[in-house]
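Engineer: Each chain is listed here by its residues.
Number of protein chains: 4
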Amino acid sequence: MGSQIGKILSVTTFGESHGQGVGVVIEGVPAGLRLDASKIQSFLDRRRPGQSPITSPRNELDRFEYLSGIEDNVTLGSPLTIYVRNHDQKPSEYSDLNQVYRPSHADFTTLQKFGVKAKSGGGRASARETIGRVAAGAIAEQILAHYLPEARIVAWVHSVATITCNVTDIEKIERYAVESSMIRTADPNAEKDMLQVINSAMQDHDSVGGIIRCVISGIPPGLGEPVFDKLEAELAKAMLSLPATKGFEIGSGFLGTTLSGSQHNDIFINKGQKIGTLSNNSGGIQGGISNGECIDFKVAFKPVATIAKSQPSLTVDGIPVVLEPKTGRHDPCVLPRAVPMVEAMAAIIIADHYMRNMFSKI
Amino acid sequence: MGSQIGKILSVTTFGESHGQGVGVVIEGVPAGLRLDASKIQSFLDRRRPGQSPITSPRNELDRFEYLSGIEDNVTLGSPLTIYVRNHDQKPSEYSDLNQVYRPSHADFTTLQKFGVKAKSGGGRASARETIGRVAAGAIAEQILAHYLPEARIVAWVHSVATITCNVTDIEKIERYAVESSMIRTADPNAEKDMLQVINSAMQDHDSVGGIIRCVISGIPPGLGEPVFDKLEAELAKAMLSLPATKGFEIGSGFLGTTLSGSQHNDIFINKGQKIGTLSNNSGGIQGGISNGECIDFKVAFKPVATIAKSQPSLTVDGIPVVLEPKTGRHDPCVLPRAVPMVEAMAAIIIADHYMRNMFSKI
Amino acid sequence: MGSQIGKILSVTTFGESHGQGVGVVIEGVPAGLRLDASKIQSFLDRRRPGQSPITSPRNELDRFEYLSGIEDNVTLGSPLTIYVRNHDQKPSEYSDLNQVYRPSHADFTTLQKFGVKAKSGGGRASARETIGRVAAGAIAEQILAHYLPEARIVAWVHSVATITCNVTDIEKIERYAVESSMIRTADPNAEKDMLQVINSAMQDHDSVGGIIRCVISGIPPGLGEPVFDKLEAELAKAMLSLPATKGFEIGSGFLGTTLSGSQHNDIFINKGQKIGTLSNNSGGIQGGISNGECIDFKVAFKPVATIAKSQPSLTVDGIPVVLEPKTGRHDPCVLPRAVPMVEAMAAIIIADHYMRNMFSKI
Amino acid sequence: MGSQIGKILSVTTFGESHGQGVGVVIEGVPAGLRLDASKIQSFLDRRRPGQSPITSPRNELDRFEYLSGIEDNVTLGSPLTIYVRNHDQKPSEYSDLNQVYRPSHADFTTLQKFGVKAKSGGGRASARETIGRVAAGAIAEQILAHYLPEARIVAWVHSVATITCNVTDIEKIERYAVESSMIRTADPNAEKDMLQVINSAMQDHDSVGGIIRCVISGIPPGLGEPVFDKLEAELAKAMLSLPATKGFEIGSGFLGTTLSGSQHNDIFINKGQKIGTLSNNSGGIQGGISNGECIDFKVAFKPVATIAKSQPSLTVDGIPVVLEPKTGRHDPCVLPRAVPMVEAMAAIIIADHYMRNMFSKI
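Protein chains in written order, with this note's numbering: chain H, 1 to 362; chain A, 1 to 362; chain W, 1 to 362; chain P, 1 to 362.
By construction, these hints were calculated from the structure, which means they are not laboratory data.
Idealized CB from N, CA, C, for every residue including glycine.
One or more of the hints may lead you astray.
Unchecked claim - Cut-off 20 Å, straight-line C-alpha distance, at most; resulting in silico cross-link-like pairs (SDA-like, lysine to any residue):
| no. | chain 1 | residue 1 | chain 2 | residue 2 |
| --- | --- | --- | --- | --- |
| 1 | H | 117 | P | 30 |
| 2 | H | 309 | H | 326 |
| 3 | A | 117 | W | 32 |
| 4 | H | 309 | H | 202 |
| 5 | H | 274 | A | 112 |
| 6 | W | 7 | H | 1 |
| 7 | H | 271 | H | 151 |
| 8 | P | 39 | P | 73 |
| 9 | W | 361 | H | 142 |
| 10 | A | 117 | W | 30 |
| 11 | P | 309 | W | 267 |
| 12 | H | 192 | H | 162 |
| 13 | W | 274 | P | 320 |
| 14 | P | 274 | P | 150 |
| 15 | H | 361 | W | 357 |
| 16 | H | 192 | A | 258 |
| 17 | A | 309 | H | 267 |
| 18 | P | 117 | H | 66 |
| 19 | H | 309 | H | 200 |
| 20 | P | 192 | P | 203 |
| 21 | P | 274 | W | 115 |
| 22 | P | 361 | A | 149 |
| 23 | H | 309 | A | 263 |
| 24 | A | 117 | W | 72 |
| 25 | W | 271 | P | 321 |
| 26 | A | 274 | H | 314 |
| 27 | P | 309 | W | 278 |
| 28 | A | 7 | H | 1 |
| 29 | W | 117 | P | 358 |
| 30 | H | 309 | A | 259 |
| 31 | P | 39 | P | 151 |
| 32 | H | 361 | W | 36 |
| 33 | P | 274 | P | 218 |
| 34 | A | 7 | A | 147 |
| 35 | W | 361 | P | 115 |
As the list claims (entries may be wrong) - Listed next, with one range per pair, are the computed distances between beta-carbon atoms:
| no. | chain 1 | residue 1 | chain 2 | residue 2 | range |
| --- | --- | --- | --- | --- | --- |
| 36 | H | 271 | A | 149 | 51 to 59 Å |
| 37 | A | 39 | H | 309 | 45 to 53 Å |
| 38 | P | 279 | W | 192 | 28 to 36 Å |
| 39 | H | 326 | P | 72 | 18 to 26 Å |
| 40 | P | 263 | W | 188 | 27 to 35 Å |
Whole structure, please, built from the sequences with the hints as guidance.
Structural biologist: What follows is the structure, encoded as structure tokens:
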């Protein structure tokens with residue numbers, strides 16, 4: 001249990017970082033949808049390592065193949081399976097890591113839970129597992145494009161360490177603009193400082209964290225459920241299920257706790273033919289249900305645990321040792337690659353709730 | 001869909017704020033467990049309004065009855081149903097509210113989603129719905145007490161508006177100490193300032209928000225799943241499904257994004273017979289799985305939307321009006337009553353994952 | 001687990017035969033549906049004991065109340081809860097039964113599984129649990145009536161012991177006609193013989209079994225899923241989950257295994273504007289999906305285990321004893337009361353699959 | 001939805017008969033289990049066509065590969081994926097079939113439901129889909145072998161057309177004995193007649209149906225749930241989800257409906273150290289829960305729809321045509337190959353309920 005998300009659009013990922021490959025089975029894709037494979041590949045390309053000087057050099061092309069559910073690019077209504085073979089797995093490179101717990105990795109907890117020392121170390125809790133999510137997100141986005149052509153999901157790097165980008169008109173930020181930034185941020189001024197922070201971390205053999213902001217526009221009122229499956233709760237789970245995440249906030253978030261109710265309340269106003277709100281402290285969701293304003297949330301990513309410094313640790317037998325860094329696979333900042341992951345998870349949740357909402361009333 | 005949470009310990013709440021009553025069906029409670037009804041009532045009492053001068057005067061005793069699943073206080077292994085009748089519902093009091101959308105309530109979104117103008121306004125997305133959660137949490141805690149007698153779940157008000165409590169030794173804070181504070185905070189110094197802020201908001205006919213911190217100790221390594229059902233993801237969903245929440249963070253949280261990896265990594269050390277970590281930036285969870293350190297998270301609650309001030313709004317037909325405050329039901333600060341809600345949701349998630357973990361290995 | 005059925009229309013029953021009461025929570029009822037309470041009560045009345053000289057005299061009026069999900073008879077889109085209090089439970093009457101396993105009851109297996117000797121003996125596996133199913137079925141039928149006004153679900157007693165009814169034009173048999181028969185059969189000739197068999201069993205302090213046939217007409221092609229959730233598989237599970245059932249067959253059933261393929265194949269023909277089949281050995285379902293012909297299945301019910309004869313048995317400690325019959329609660333033939341149970345389960349499955357089918361294609 | 005079965009041991013099949021391949025993702029396999037790949041291959045070999053003169057000549061080796069979840073033959077606790085590439089798919093051979101509905105196939109209903117004319121015709125409702133089930137069953141059996149080494153699941157062909165095998169001591173029948181029969185029956189006398197019936201059907205370009213019986217021994221009391229997930233209900237669904245099935249009965253089944261209660265009741269007796277029953281009309285399950293006696297059920301399979309005779313039919317546009325037989329892929333009797341399918345589905349259900357039962361009591 002626990003490798004599946006979504007109730008109508010049900011996404012199950014499989015595969016280990018250092019096994020044969022990784023993939024995803026998606027149930028609930030309606031039949032008759034023409035999928036654009038290049039959009040799936042493009043999502044995978046944005047996620048993969050080795051895209052730029054500041055990302056991990058693991059050399060994977062991450063070409064996907066369909067195993068099922070589609071014929072001549074048209075979905076059949078059956079489970080759609082996407083698979084990406086691993087080519088660059090080097091279990092031997094990891095063999096001694098297996099004997100020493102890497103700090104703030106999943107090695108220790110995975111061994112405690114499953115009792116198996118696998119080559120893959122932290123097992124499923126890895127960046128590579130997100131390939132399946134990203135492919136599923138690219139498909140979810142195409143489902144949404146059919147039902148809600150106005151919908152737009154755009155994420156960007158909001159901060160790196162203490163450097164925060166300063167943007168207005170968040171609904172107007174477009175994905176191609178974010179893509180034109182090496183860091184996938186939305187503020188060219190901040191970008192320079194962010195790059196400096198990242199390069200400095202790289203030179204220090206260290207890593208930095210940051211925050212991703214995601215804005216979803218063009219969503220009608222009514223998506224989400226009023227109790228446990230509140231739309232923000234579902235988004236929070238989806239985001240906190242991404243590796244290295246430590247926090248989620250929507251609309252006014254943590255800062256909003258310092259406001260008074262009269263400052264915080266979003267006043268209803270007429271916006272042309274529809275009812276909207278003057279402010280958007282609610283982040284587009286009220287009582288768990290979308291209100292038609294843009295959905296606006298942030299996700300905190302810790303600094304990557306893999307660093308190129310010596311660190312004290314323990315062997316699996318509890319013997320203190322110094323863990324020496326490997327040259328090689330090391331991203332000083334995971335944020336740019338996490339942008340498509342955030343978008344993908346958001347697309348899965350929104351598409352699932354769009355379909356769930358078909359039944360809400362007679 | 002959406003009124004159910006938990007995979008093995010499955011909790012479904014039902015009932016509307018202004019209907020006949022509210023309740024919960026819990027599947028997955030093992031047979032043969034002797035339940036202490038007074039502990040369930042005590043959880044409900046901590047949640048209910050009218051406990052102190054600073055909470056809403058809605059006058060409900062919230063006495064629960066078992067409808068099923070138990071005989072002579074011993075569970076039968078069948079669905080356990082708990083029911084609390086509504087006595088103080090005053091739908092007439094709400095009748096004109098039905099015509100005007102209350103700012104930052106669920107009225108608008110509920111009507112958009114379900115198309116029905118119910119007496120209960122925001123319907124299920126209400127504080128009263130949490131009665132079922134709190135009762136289920138009190139039972140989950142008794143299940144946990146059987147399997148993990150060391151486990152302790154303690155939450156408290158970490159901040160009100162900008163007043164933050166200052167605590168050390170978070171594992172040592174006990175529930176009775178929190179209960180001795182009218183605000184359910186853990187720092188007597190901060191309490192006085194918090195009370196002043198709340199009273200001031202009450203005099204201004206306004207409301208304030210704040211943050212609840214929750215610490216779970218005595219949890220062995222191995223709870224949680226490595227992919228979508230990461231323990232922090234499940235907790236995030238559970239917390240964001242509570243009314244009025246806007247954010248969740250675990251361990252180092254949002255602030256941790258400003259640290260470097262070498263500062264943030266939790267170094268493994270021997271702690272007596274077991275392996276622990278020197279710091280706890282991970283918040284007790286690594287790779288989605290508990291590591292044996294205490295689980296430590298925070299939840300942001302917005303200032304309550306119901307205030308005793310005039311506010312502009314719209315009728316359901318889009319006509320601008322001024323919404324005049326009702327005397328009566330109004331909590332200037334929901335935080336103290338939210339403490340048992342946070343504990344209850346945490347207990348449900350932890351108990352569910354304890355049982356899920358029974359299968360993780362041969 | 002195991003008290004829930006249905007994926008979109010999700011039905012959870014609760015309650016023990018000799019506890020406070022029994023009920024059902026139904027998630028997935030669309031908002032805005034006006035429910036006719038008298039139709040629900042009528043279904044419950046058809047199920048309850050004491051309707052006629054040949055049924056158990058347990059004296060329960062089985063008046064239901066709504067606990068949630070409805071206001072002014074219009075559904076709210078939230079969980080709809082229906083509750084029936086037990087009035088005639090006589091646990092004392094059962095107290096010594098608790099010490100002796102009743103043959104072919106659930107006493108032994110329930111104690112083995114749950115380890116609790118409850119007053120309710122066989123616990124949840126009881127006829128009284130079906131109250132929740134029947135109420136849910138009555139609601140499912142009203143959902144169907146909205147979406148598929150042509151749909152008709154009619155069940156009747158097909159055989160009692162070796163007496164089998166002989167009917168033609170099964171699609172034309174109507175529920176009121178079945179109701180006019182004390183045995184709820186569809187063949188007045190057979191009825192007389194059936195009554196004689198039942199009366200004879202009653203005089204012998206014994207019981208008889210039989211078969212119920214159910215025909216569902218007016219269902220469009222496309223309901224059901226091609227793999228595990230084949231419509232016939234879902235119906236089979238629903239029927240075999242009713243107490244006292246031993247078999248399920250659809251269309252040609254077991255007898256069809258003696259035909260050749262060329263005899264058994266249903267030839268496609270034009271029927272007015274739509275495509276139908278000449279014969280209906282498929283029973284209205286091909287490849288797990290409805291084909292527009294009427295769905296036609298049979299369910300085998302064993303002779304009731306409770307008889308008014310002395311029987312050898314064992315105490316819970318394995319001591320051989322003779323179990324003396326109780327006067328009192330004893331149905332010589334459960335078939336007539338099982339007719340609405342079969343219809344109710346069929347309605348739940350069909351309504352669930354109707355809603356599931358909304359997503360099958362773009 | 002609908003490609004998944006099992007709650008703890010969750011099995012999802014994917015793939016089309018004439019697509020890239022077929023496979024299965026199994027969640028819930030405990031970590032640390034050493035799997036014997038040859039047992040999986042052996043199950044697949046028993047299922048595959050071309051085993052003997054009486055089965056379809058489709059030429060597939062059906063060699064499986066693991067895509068995930070296992071390292072050095074030891075399970076990792078993550079989703080276990082098994083994949084079998086299609087080699088012999090000949091979509092062109094099927095191209096004109098696509099224009100004509102084959103009688104009693106899934107072509108018509110699949111097109112009605114999904115609106116897509118796929119090469120694979122009946123799509124997922126095919127014999128080839130069962131590869132994933134059979135692989136999952138072979139794994140479920142190995143899980144069971146770990147927890148319940150006494151457990152045995154043995155199925156055989158009980159009848160072909162009107163030829164029925166006559167066996168006693170059903171618990172003693174072993175799989176290797178069944179395997180030694182070309183028809184996989186358990187009565188050498190009946191086998192000769194069955195073979196004659198099948199050969200005769202083959203010469204007539206026709207097909208025959210029959211019944212498979214399955215006996216599960218060595219199961220302790222307590223497996224199954226008392227309400228919707230009764231063990232017999234779960235088995236019924238699993239069996240009716242296999243292609244070409246029309247009926248399911250357990251224990252006394254349909255014939256049992258002609259007995260009286262006093263004949264039918266299974267009297268409890270001491271059997272050595274444990275309590276058993278004198279007869280086994282219950283088929284090993286009472287009140288939905290296993291009672292320790294052997295579980296004994298039958299499954300009806302219709303005569304295969306694909307025959308080598310001309311048949312009238314309609315094109316997708318409703319034009320009457322004669323469908324001419326293809327030489328080639330045609331099994332006159334699917335029963336022998338269905339034996340491992342029945343065993344596999346039984347193993348999945350029993351293993352799932354074994355794990356579910358871990359929580360039933362404290």
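Engineer: Run every hint past the structure and note whether it holds.
Structural biologist: Evaluation of the provided hints:
For the proposed pair residue 117(H) and residue 30(P), the alpha carbon gap of about 14 Å is at most 20 Å, so the pair holds. Between residue 309(H) and residue 326(H) the CA atoms are separated by roughly 9 Å; this keeps the pair inside 20 Å, and the hint holds. With a C-alpha separation of about 10 Å, the suggested pairing of residue 117(A) with residue 32(W) holds against the 20 Å cut-off. For the suggested pair residue 309(H) and residue 202(H), the alpha carbons sit about 11 Å apart, so the restraint of at most 20 Å is met.
Among the hinted pairs, residue 274(H) with residue 112(A) is consistent with the structure: their alpha-carbon atoms are about 12 Å apart, no more than 20 Å. With a CA separation close to 18 Å, the supplied pair residue 7(W) and residue 1(H) stays within the 20 Å bound. A hinted pair counts as satisfied when its Cα atoms are at most 20 Å apart, and residue 271(H) with residue 151(H) qualifies at roughly 18 Å. The suggested pairing of residue 39(P) with residue 73(P) holds, with an alpha-carbon distance near 12 Å, which does not exceed 20 Å.
At roughly 14 Å between alpha-carbon atoms, residue 361(W) and residue 142(H) fall within 20 Å of each other, so this suggested pair holds. This hinted pair checks out: residue 117(A) and residue 30(W) have alpha carbons roughly 14 Å apart, not beyond 20 Å. Note on residue 309(P) and residue 267(W): the hinted pairing holds, with a Cα-Cα distance of about 13 Å set against a maximum of 20 Å. Only pairs whose Cα atoms come within 20 Å are accepted, and residue 192(H) paired with residue 162(H) is accepted, the gap being roughly 13 Å.
Taking the CA atoms of residue 274(W) and residue 320(P), the gap is near 13 Å; set against the 20 Å cutoff, the hint holds. Using a Cα cut-off of 20 Å, the hinted pair residue 274(P) and residue 150(P) holds, with the two alpha carbons roughly 15 Å apart. With a C-alpha separation of about 16 Å, the suggested pairing of residue 361(H) with residue 357(W) holds against the 20 Å cut-off. With a C-alpha separation of about 17 Å, the suggested pairing of residue 192(H) with residue 258(A) holds against the 20 Å cut-off.
Among the hinted pairs, residue 309(A) with residue 267(H) is consistent with the structure: their alpha-carbon atoms are about 13 Å apart, no more than 20 Å. The straight-line distance between the Cα atoms of residue 117(P) and residue 66(H) is roughly 19 Å, inside the 20 Å bound, and the hint therefore holds. Simply put, residue 309(H) and residue 200(H) have alpha-carbon atoms about 14 Å apart, close enough for the 20 Å limit, and the pair holds. For the hint pairing residue 192(P) with residue 203(P), the CA-to-CA distance comes to about 17 Å; that is within 20 Å, so the pair holds.
In summary, the hint linking residue 274(P) to residue 115(W) is supported, as the alpha carbons are separated by about 16 Å, within the 20 Å threshold. The straight-line distance between the Cα atoms of residue 361(P) and residue 149(A) is roughly 17 Å, inside the 20 Å bound, and the hint therefore holds. Our distance criterion of 20 Å between C-alpha atoms is met by residue 309(H) and residue 263(A), whose separation comes to about 12 Å. For a cut-off of 20 Å, the pair hint linking residue 117(A) to residue 72(W) stands: about 11 Å separates their Cα positions.
In summary, the hint linking residue 271(W) to residue 321(P) is supported, as the alpha carbons are separated by about 16 Å, within the 20 Å threshold. Proposed proximity of residue 274(A) and residue 314(H) is supported: the alpha carbons are some 12 Å apart, at most 20 Å. Taking the CA atoms of residue 309(P) and residue 278(W), the gap is about 18 Å. The hint holds against a cut of 20 Å. Between residue 7(A) and residue 1(H) the CA atoms are separated by roughly 9 Å; this keeps the pair inside 20 Å, and the hint holds.
Note on residue 117(W) and residue 358(P): the hinted pairing holds, with a Cα-Cα distance of about 19 Å set against a maximum of 20 Å. For the suggested pair residue 309(H) and residue 259(A), the alpha carbons sit about 15 Å apart, so the restraint of at most 20 Å is met. A C-alpha spacing of about 16 Å is found between residue 39(P) and residue 151(P), which places the hinted pair at or below 20 Å, so the restraint holds. Of the supplied pair hints, the one linking residue 361(H) and residue 36(W) holds, its CA atoms being roughly 17 Å apart against a limit of 20 Å.
The straight-line distance between the Cα atoms of residue 274(P) and residue 218(P) is roughly 13 Å, inside the 20 Å bound, and the hint therefore holds. For the suggested pair residue 7(A) and residue 147(A), the alpha carbons sit about 18 Å apart, so the restraint of at most 20 Å is met. The suggested pairing of residue 361(W) with residue 115(P) holds, with an alpha-carbon distance near 7 Å, which does not exceed 20 Å. A hinted range of 51 to 59 Å holds for the C-beta pair residue 271(H) and residue 149(A), which are about 56 Å apart.
One distance hint, 45 to 53 Å for the beta-carbon pair residue 39(A) and residue 309(H), holds here, with the actual separation near 49 Å. At about 32 Å, the CB distance of residue 279(P) to residue 192(W) agrees with the hint of 28 to 36 Å. For the hinted restraint 18 to 26 Å between residue 326(H) and residue 72(P), the CB-CB distance of approximately 23 Å keeps it satisfied. Judged by the Cβ atoms, the range 27 to 35 Å given for residue 263(P) and residue 188(W) holds: they are separated by roughly 29 Å.
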